[in-house]
Amino acid sequence: MSNQTPSQTVGPYFHIGLIRPGDNMNVMVNDQTRGQRILVRGRVIDGDGEPIPDAMLEIWQADSDGIYGHPADPKHADADPAFGGFGRAPTDDSGEYSFKTIKPGAMEREGEPTMAPHVNFRVFARGMLIHAYTRMYFPNEVENENDPVLKMITETDRRSTLIAAVDMGEDLPTYRFDVVLQGEKETVFFDL
Amino acid sequence: MTNSEPRGSLDWSVQPPYLYPPYKSTVKRAPKNPLVLLPRSLSEMTGPVYGDDSIKPLDNDLTRNSALNGEPIGERIIVTGRVLDDGGHPIENALLEVWQANATGRYLHVNDQHDAPLDPNFSGLGRVLTNKQGEYRFTSIRPGAYPWLNHENAWRPPHIHFSVFGSQFISRLVTQMYFPGDPLMPLDPIFNSIPDEKGRQRLIASYAHDVTEPVWALGYRWDIVLCGSQMTPFESGKDV
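Quick note, the sequences are listed as chains A and B, same order. Residue 1 is where the first sequence starts when you use the numbering used here, and the numbers rise one by one after that. Residue 193 is where the second sequence starts when you use the numbering used here, and the numbers rise one by one after that.
Be aware that one or more of the hints could be misleading.
As the list claims (entries may be wrong) - Pulled a few chain B residues facing chain A out of the computed Cβ check, cut under 8 Å:
(1) Y212
(2) E236
(3) P240
(4) L287
(5) E289
(6) L321
(7) C419
What the hints assert, rightly or not - Mimicking DSSO-like on lysine-lysine, the simulated pairs with C-alpha atoms at most 27 Å apart in a straight line are:
(8) A:K75 with A:K185
(9) A:K185 with B:K216
(10) A:K75 with B:K324
(11) A:K75 with A:K151
(12) B:K390 with B:K216
(13) B:K248 with A:K185
(14) A:K103 with A:K75
(15) B:K248 with A:K100
(16) B:K224 with A:K185
(17) A:K185 with A:K151
(18) A:K185 with A:K103
(19) A:K75 with A:K100
(20) A:K151 with A:K103
(21) B:K216 with A:K151
(22) B:K324 with B:K220
Since the hints were made in silico from the structure, they are not lab data. In this text the structure is predicted, and so the values were computed from the model without any measurement. For every residue, glycine included, the Cβ atom is placed at its ideal position computed from N, Cα and C.
Next up, chain A with everything else stripped away, as it sits in the complex (with noise of 0.2 Å):
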């Protein structure tokens, strides 16, 4: 057994330390960040099917040219300086969140399978004693066959949570990504 410490929920107020006026988190671009623009977006639904207004999204991924900005990444002396690869949103009263990010790329190292184009999600929620884990795709990618990830869940159904839709009707290529906590349609949750 570790000595871990346990976690505890977000529980309803966890707007006024996490999401402040002006913060502006689900906004992760500037004039400066290489790549396509892109949004992200989606509802977070129980297992009633109803949407949840008080959850919260985290996001992690790579720039557009597939590199983290972190020192663990072998490549991150040349990730892009005007883009930090995190952001985080609430959901709103009709359970959606959204994301103005870039669409990250391909990552391929040395010896290593290549990971198709993803964005890392935490979830949390009032309710939700502890986060949850899951990875966007974007569809219709040439890498995604042969992802690691992906590879691993062998459903079609299952699988199909994974991987993001496209949503139509906004100036910016736009991506649906709904995060089913529980029921038929259940998105995949990861141990890390």
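Following the hints, put chain B in place on chain A, whose structure we already have.
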């Protein structure tokens, strides 16, 4: 569980389950499928990097960072401790975000309808970075208990919410710190969701007389241990 079995970095013998029916809101929000164990990759070993520009001067003093026309009401406290990985190494530049109710048990939040007064000089939020030794320290007001609707006559024990970033995607922790000797803890399903008694005790700060400042504030010490130290970069064991 033996070492040869695959396991993630979270220790589920001390972490709460998703489904814990005494905390009613978990019932429809708990995933039912087993978690899928991921192969380790750069996505889990990296994470946002924080530094001095992540915080402002008064972020670590909740008694002053939102004072309008005086000092907040309540018992002044100093909370300090270290942030470590689960190999015992201190984590520098860990970002902590804290939020809490005021001394009456009321949050400055539109959805908090508890009939207790707000304090114009207290908003209950703060931020602090750990130093080279992994230490953090902030000043606040001891929060009050407050009622909630989970069950008949339900009250949350006084607590401070902590959000902590270590250096990796996997080392994230959001939790709550409790105060020693509080009679509401054994009645609280959120506290009791932790399956292990030692784990529950790890959520309770210690009164620390050496932290207490004479004629000023009571001191509490609370160390935080994040997961992640056993993580090797790749299964192949390459150094990175």
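Which numbered hints turn out to be false for this structure? Those not satisfied are hints 4, 6, 8, 13, 21, 22.
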